[in-house]
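Trainee: Read top to bottom, the protein sequences are chains A and B.
All letters in the first sequence, in the order written, are residues 1 to 249 by our numbering.
All letters in the second sequence, in the order written, are residues 1 to 268 by our numbering.
Rather than coming from a laboratory, the hints here were simulated on the basis of the structure.
All residues carry an ideal CB built from backbone N, CA and C; glycine is no exception.
Just to be clear, a hint being listed does not mean it is correct.
[Claimed, not checked] With a straight-line cut-off of 30 Å between C-alpha atoms, the simulated BS3-like cross-links for lysine-lysine are: (1) 138(A) x 37(B); (2) 51(B) x 138(A); (3) 56(A) x 146(B); (4) 56(A) x 51(B); (5) 82(A) x 259(B); (6) 124(A) x 50(B); (7) 122(A) x 51(B).
[As the list claims (entries may be wrong)] Beta-carbon label-pair distances, calculated as ranges: (8) 47(B) x 79(A): 21 to 29 Å; (9) 23(B) x 73(A): 54 to 62 Å; (10) 50(B) x 137(A): 20 to 28 Å.
[As the list claims (entries may be wrong)] Chain A is faced by these chain B residues, among others (derived, beta-carbon under 8 Å): (11) 54; (12) 55; (13) 65; (14) 135; (15) 136; (16) 138; (17) 139; (18) 140; (19) 141; (20) 142.
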Amino acid sequence: MADTLVKVENLSKNFDKLVVLHDVSVEVTRGENLVVFGKSGSGKSVLLKCIIGLMKPDSGTIYINSKNVLSLSLKELNEVRKNIGFLFQGAALYDSMTVRENLEFPLKRHFTEMTPSQIEEKVKYTLDLVSLEEAIDKMPSELSGGMKKRIGLARSIITDPALMLYDEPTTGLDPITTKEISELILNLQKKLNMTSIVVTHDLICAEIIADRAIFLRDAVVAFEGDIKELTKSDDPFLKNFFSHEIIKV
Amino acid sequence: MNLPRHRYGRRLTYGDYLYNFFATLTGLTIFNLEFLKQGFLPPYEIGEIKKHMTELGVKTMGIVSITGLIIGLVLTMQSQPVMQRFGATDFLPAMVSLSVVRELGPVITALIFAGRVSSGIGAELGSMRVTEQIDAMEVSAINPFKYLVVTRVIATMMILPILTVYVIFIAITGAYIAIIIVEPMSFQYFQQSVVQAIEFGDFIPSVAKTFVFGYIVGIVGSYKGYSAEGGTEGVGQASTTSVVLSSLLILIFDSVLVKITLMLWPTL
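Pulled out of the complex, with its shape left as it was, chain B reads as follows (with noise of 0.2 Å):
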């Protein structure tokens, strides 16, 4: 499918836009059930899942670590003053956890998460693409789609709710520094209101969730890749593309995801 691009001197048009929306939704799709298909057909290439997971794992442990104790940090010194206003900052350890846990922890982790990886998959499979590597493969008898595709996939479905744990523990850690810091406030007291706070079957959907975010970023990043053409500027386009797209998928799919989970669970 041929989308009509942007170039330097041409202005896309309307309908230009309208096709571009239509034929990504189309491919897509197509791409999706391709992936259903494929994935569960044989070899699983499970050395090569192991690989991209580790990989993926390590080039966001950083940035991750970094967002969550900011999220954290600011988060409490944010609301410290509106719940000392209402006499209520013994409150703030369960207020903060439980935003970090349910919404925060897992958007804010997977936004990160697609802007790191979302565009590297794209620019990556993109390369492979233009260079003709992924043609190269297919000569050679090899599935491109189940090597290069599938295991991408699933690695990052498999990473993301891990690094949403971690995110959420950092985040916590962050709370507890800005805590000292404006509020007096003993460790353990902090840590049995955090305790209190949070069930278990607060972690269930807001990680269970972060499934659905990591089968985006990596559905629309190996799309976006897979399909790329036209050199270098493809390639270009399939990483910024892919941010766009997996960014704005997350945030529709985290609405659904939200009431979806509210009408299962009304208690929560």
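For reference, chain A alone in the conformation it holds in the complex (with noise of 0.2 Å):
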């Protein structure tokens, strides 16, 4: 428990009458990377959703550092989710900013004490850290998708979260690029000490990131443990899942 990052525990999430999520429990160590697979609208999102609080779950209790982030107030929930880095699919940059703006909007909201030359350096080394620093400058509208998700991910790292949570972060990119961002993800997460729960289900992603990995199935949590016995499992489901993301591949 003391190592435990992460706890959710009987997690339940409806929509009307469709059961998305029900009595789903997963648990995340410190320093980790979770790699959590499913099949399109199998809830993984919603998961990620509910751990930040974006999304009320129906029942069920998730831990963060031992707080029950469902029982805090919004000022609570802020002070930690301040330790929360989120990339969200289509990297959800601030398209009225530039790049350079992006990032320096959650360091001057919570880290009022930097100078601005302080954080004109924090972000040129945040943006070194994702090979970027040539689009300082530029804005959202000018970036192609992958350097769209390198920049989101210079924003969610730049307040030096100790948890990250990864929505689709190498959907609709190619496998090369794909590759460049899974790398630079793990390198981060060496570099930063992070934590992470990724959402994907792109097999060269998770195989380079996962240090463990679950697979969400008709609501519930259908597979959990390494991510090689995921790949080589004989259920005939899995089997037939990761066929076709190879042959995607």
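Fit chain to chain and form the complex, with the hints in mind.
Mentor: Right, here's the structure in full:
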């Protein structure tokens, strides 16, 4: 328990009559990379959004750093959120701001004691981590899909979060960029000593990143364990899922 | 709150319309209450309010200038033959300026402003909603309502009265241009007539109601954008319905405010 950073217990979420998550329990230890697999619409993103507090589950508990986030006030929840980074599927860059302003935004809000030169330095350092220093004055509309993901990643890690949540970080990218982004995520995780939960159905990404994987199916955790065990499972559904993934790759 | 949508190949039923009406009314009321709560809590985001005021002012300056000039010109040209029939052309400057100050200036400016700004806010926030930018702000522990909505509503409330005074000035200038064309009159006489006709008391209720109109434009645009869903279709709907609803509310509130003004100042 002492080493557990995220603990989800018996989480359930329905949308009208559609059961998306039913009694899902997951634990993530500090420094671990957990990959959440599942078909589209299997509730992977819902799980992430419940953890960060964007959605309220119907039942269950979520502990982050031993705090039950579902019982916190918005102010307390925001304190917890300051320690979490979230990379959205479409990167969700603020399109009215330049890359520099996107990165400065959380710093200016939460680190009011930082001087402009310290902010500038931090922005440049973080852009260097994602190898996109030259994009500093570009608008999001001038960036490619892969560049947007990198900038989104830079914005998420600029506050040095202890936990990173990734929602489909490689969807829509070509295999080479997928590999680059996945390796970048892994390197950052090692460099910054972060814990990560990665939602994906991309096998290349999962194989690079995952320390452990779970598979969501029919609203429950159908599998939990090593990524190699998962891909070599005898379960006909998993076999079918991963054979398609491999063909796609 | 999920509103039934009009989709190609499917017509909304009367039940859908009724549900939409009450859902919008409820949603807008809750949104207003949230604004009142958040508006008084720090941080006040003064820099962001100033930025929006400048943007909105620049964005609408051209169109309201043209509108103001045309109102003054047309109103004068239309009224001149009637006034001439009654031998009252000397009263033309007073009549036009009073109409512009009391009613046409505030209402027309507010309607133009609604068309230009409310749709813009609806589309901007709607697009931020469907591309998860608002969620991104929320997960970064930044209050998106405060940063995006409160600042825009305060900016629209502050800028519309300024624009209205400007439009009134331009419309009176337009009236003078029209008078030169249709009825020879000295500038001195025109100026004197206008100054004598308009009292400072005429400005107070008309400018005061533009604060309300500005609030309507900001809050409706923000509400429609903030609650947009369903991708680009949702953004389009947010933009369109913002204009329709805010224009309608401006006209409804105008009649209510005119009645209140006349009750409070019966001599006006």
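Trainee: Each hint needs a verdict: does it hold in this structure or not?
Mentor: Hint check:
1. For the suggested pair residue 138(A) and residue 37(B), the alpha carbons sit about 36 Å apart, so the restraint of at most 30 Å is broken.
2. At most 30 Å may separate the alpha-carbon atoms for a hinted pair to count; residue 51(B) and residue 138(A) meet this at roughly 20 Å.
3. Distance restraint check for residue 56(A) and residue 146(B): the Cα-Cα separation of roughly 21 Å lies within the 30 Å cut-off, and the hinted pair is therefore satisfied.
4. Note on residue 56(A) and residue 51(B): the hinted pairing is violated, with a Cα-Cα distance of about 34 Å set against a maximum of 30 Å.
5. For the hint linking residue 82(A) to residue 259(B), the alpha-carbon distance of about 51 Å lies beyond 30 Å, and the restraint is violated.
6. Pair hint residue 124(A) plus residue 50(B) holds up; C-alpha atoms about 28 Å apart against a cutoff of 30 Å.
7. The hinted pair formed by residue 122(A) and residue 51(B) meets the criterion: a straight-line CA distance of about 26 Å does not exceed 30 Å.
8. The hint said 21 to 29 Å for the Cβ distance between residue 47(B) and residue 79(A), and at roughly 24 Å that hint holds.
9. Residue 23(B) and residue 73(A) have their C-beta atoms about 28 Å apart, which leaves the hinted 54 to 62 Å range violated.
10. The beta-carbon spacing between residue 50(B) and residue 137(A), approximately 23 Å, falls within the hinted interval of 20 to 28 Å.
11. Proximity of residue 54(B) to chain A is violated relative to the hint, the smallest CB-CB distance being about 14 Å (cut-off 8 Å).
12. Using the Cβ-Cβ criterion of 8 Å, the hint placing residue 55(B) at the interface with chain A is not satisfied: the shortest such distance is roughly 10 Å.
13. Here the hint on residue 65(B) is broken, as its CB sits about 26 Å from the closest CB of chain A, past 8 Å.
14. Interface restraint check: residue 135(B) against chain A, minimum CB-CB distance 6 Å, threshold 8 Å, status holds.
15. Hint status for residue 136(B) relative to chain A: holds, with the closest Cβ pair at about 4 Å, below 8 Å.
16. Taking 8 Å as the C-beta cut-off, the interface hint given for residue 138(B) holds, the closest approach to chain A being about 7 Å.
17. With a cut of 8 Å, the hint placing residue 139(B) at the interface with chain A holds, because the nearest CB-to-CB distance is about 4 Å.
18. A cut of 8 Å between beta carbons decides the hint on residue 140(B): the least distance to chain A is about 5 Å, and the hint holds.
19. Among the interface hints, the one on residue 141(B) holds; its C-beta lies about 4 Å from the nearest C-beta in chain A, closer than the 8 Å criterion.
20. Below 8 Å, beta-carbon pairs count as interface contacts, and residue 142(B) has one with chain A at about 5 Å; its hint therefore holds.
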